[in-house]
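**Q** Taken in order, these protein sequences are the chains called C and G.
Numbers 1402 to 1620, taken from my numbering, label the letters of the first sequence in order.
Numbers 722 to 850, taken from my numbering, label the letters of the second sequence in order.
Quick caveat, the hints were computed from the structure, so don't treat them as lab data.
A couple of the hints might just be wrong.
What the hints assert, rightly or not - Examples of chain C residues toward chain G, derived with CB under 10 Å:
#1 1421
#2 1501
#3 1579
#4 1582
Said to hold, decoys possible - A few chain C residues that don't get close to chain G, going by computed Cβ distances all over 10 Å:
#5 1464
#6 1494
#7 1575
#8 1597
#9 1611
All residues carry an ideal CB built from backbone N, CA and C; glycine is no exception.
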Amino acid sequence: MNAAYEFVTGPLAWFAWGIFILGAAWRLYSMYQLAKKKDASSWAFMDLGFSLRSIVNWLIPFNALGWRKSPVMTVATFAFHICLILVPVFLVAHVVLWTEFFGISYATLPDSVADAMTLVVLAACLIFAGRRLTQKEVAYITTGKDWLALVIVTLPFLTGFLAYHQIFDYQVMIIAHIVAGEIMLAAIPFTRLSHMVFAAFTRAYMGSEFGGVRHARDW
Amino acid sequence: MKRILPLLILAGLVCVSALVAVQTVMAQDAITKLAPEAFGKLTRPAAVFVHDKHNEKAKLEDCVVCHHGGKDGVIDRTASTEGTPCSECHKVKPAGKATSLQRAYHKQCIDCHRTKGKGPVACGQCHKR
């Protein structure tokens, strides 16, 4: 147990963070090169004002027409993304590890709140899966890559919930949880999860084209 | 039957109070959990720590290994402080860069377990539900 824990919280953690940060930087750089080569004209109409206008409008729930058209998805996706970021960053157990390893300490969420937010993430994952299965237009464009991303995101929260409540074998579950989290980090640049890196630029691109070329809103 | 019943109840009461008395005395002697009052309401279940059994297993005879002295952030392993509660030096919310009570416990236990390659290191191994 101790050797496995040392390995997953030591070398493997550095490796996962390294892949995540360097991979994200590389993906951004290579996408920038590709866009310059294949879509040079788009650079002419990229505009900071139109970009921010689009990003802000899409960040407000039910503000964009796209959100109003699918209310269940809107609630699920906003709740999901907020909890997805806040829980791992502000979880007491995670902050204790930052303190242990680097002496860093900051505000935390009460465990009961984080617990409920974890269930929100898991419920949202079920909604996303259900949507891919039942909604025709979504099922049509769903591929294995989408399922892979969903599984990669679900696992750290599922194993984290089970480890916190000490359901099943704790020692196995905590190692599984750490490894699942590391897989997720490392997978961000190279799977559908890369929208974490690209989303702002995708939105900026759309916003700039609609604002500067079509003179229309894109929300 | 009518005469036996009150006797049985009396005997039961005696047994229960004896049990409570014994447990209270034993609890004063044997430390099985780390839940200093200074923490107030605990975030996680109190860390399991059976003092005597731990020291027997870890072959610890010298108290100062854990009950260290020191000041200004420097541990003094020559000045033994057994009998002094940890919370007397390590405050829950210390001023400045002093080691907090929680960090003191975590550092004391986990660092040693990591060096020795034995003993609990992950949250739920000590904070058992």
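**Q** State for each hint whether it applies.
**A** Outcome of the hint check:
1. 1421: Violated, because the Cβ-Cβ distance from residue 1421(C) to chain G comes to roughly 22 Å (cut-off 10 Å).
2. 1501: Holds - the Cβ of residue 1501(C) comes within 10 Å of chain G, reaching about 6 Å at its closest.
3. 1579: Residue 1579(C) check passes; min Cβ-Cβ to chain G is 9 Å, inside 10 Å.
4. 1582: Violated: closest Cβ of chain G sits about 13 Å from residue 1582(C), beyond 10 Å.
5. 1464: holds, 38 Å
6. 1494: Non-interface label fails for residue 1494(C): nearest chain G Cβ at 5 Å, not farther than 10 Å.
7. 1575: Non-interface label on residue 1575(C) violated, nearest chain G Cβ at 5 Å vs cutoff 10 Å.
8. 1597: Non-interface label stands for residue 1597(C): nearest chain G Cβ at 27 Å, farther than 10 Å.
9. 1611: holds, 48 Å
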